[in-house]
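Enquirer: Sequence:
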Amino acid sequence: MHSAIDNVQEFQRRRKQTWAAAKPWLLLLAVSVGVGLAVGNVTNQSSQKEWAFFLLAFILFFASVVRLVFIVRALYRCPACGEVPMSGWANIGPHSFGAERGVDLNPVQCSRCGAKLK
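The opening residue of the sequence shown carries number 1 in my numbering; numbering runs sequentially from there.
If you are wondering where the hints come from, they were derived from the structure by calculation, not from laboratory data.
Just so we're clear, the structure is a prediction, and the values are computed from it rather than from any experiment.
Virtual Cβ for every residue (Gly too), placed ideally from N, Cα, C.
Possibly wrong hints are sitting among the right ones.
[To be verified] What follows is a set of in silico ranges between Cβ atoms, one per label pair, in the way DEER data are often shown:
1) Lys49 x Lys116: 16 to 26 Å
2) Lys118 x Ser46: 17 to 27 Å
3) Gly40 x Trp19: 28 to 38 Å
4) Phe97 x Gly34: 31 to 41 Å
5) Ser87 x Pro24: 18 to 28 Å
6) Gly88 x Ser46: 36 to 46 Å
7) Arg112 x Leu56: 35 to 45 Å
8) Asn106 x Gln48: 39 to 49 Å
[Claimed, not checked] Below, simulated DSBU-like cross-link-like pairs (lysine-lysine); rule was C-alpha separation at most 30 Å, straight line:
9) Lys23 x Lys118
10) Lys49 x Lys23
11) Lys116 x Lys23
12) Lys16 x Lys118
13) Lys16 x Lys116
Can you make the complete structure from the sequences, with help from the hints?
Expert: This is how it looks when you write it as structure tokens:
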């Protein structure tokens, strides 16, 4: 059984490892968005070169997102229960209403088991 201090140290180590693994993919994601915006709005009258750059940007964007999801799901886990720490929030506004969930980027405790992580 891990102590609370061991859990905190292990989670912070995993957090750093996740960030290090994600950095190149975040850069590729930003580049793909930049290329997509630079190419602009492709239409039927666009050249093959514009279509090729747009397709390349889309493929790079999709690959980056998929890889980032795999990195988070593989590395960013609570050392006590092995689950990805999640957080929830409510959206209330003129165009939205509901509850959302997402990965908690720097949690104080695990949302699943309550283990101290910070």
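Enquirer: Please go over all the hints and tell whether each is borne out by the structure.
Expert: Going down the list of hints, with the structure as the test:
{"no.": "1", "hint": "Lys49 x Lys116: 16 to 26 Å", "verdict": "54 Å, violated"}
{"no.": "2", "hint": "Lys118 x Ser46: 17 to 27 Å", "verdict": "49 Å, violated"}
{"no.": "3", "hint": "Gly40 x Trp19: 28 to 38 Å", "verdict": "32 Å, holds"}
{"no.": "4", "hint": "Phe97 x Gly34: 31 to 41 Å", "verdict": "34 Å, holds"}
{"no.": "5", "hint": "Ser87 x Pro24: 18 to 28 Å", "verdict": "26 Å, holds"}
{"no.": "6", "hint": "Gly88 x Ser46: 36 to 46 Å", "verdict": "42 Å, holds"}
{"no.": "7", "hint": "Arg112 x Leu56: 35 to 45 Å", "verdict": "39 Å, holds"}
{"no.": "8", "hint": "Asn106 x Gln48: 39 to 49 Å", "verdict": "45 Å, holds"}
{"no.": "9", "hint": "Lys23 x Lys118", "verdict": "22 Å, holds"}
{"no.": "10", "hint": "Lys49 x Lys23", "verdict": "29 Å, holds"}
{"no.": "11", "hint": "Lys116 x Lys23", "verdict": "26 Å, holds"}
{"no.": "12", "hint": "Lys16 x Lys118", "verdict": "13 Å, holds"}
{"no.": "13", "hint": "Lys16 x Lys116", "verdict": "17 Å, holds"}
In this structure, the earlier hints numbered 1 and 2 are contradicted, and the remaining ones agree with it.
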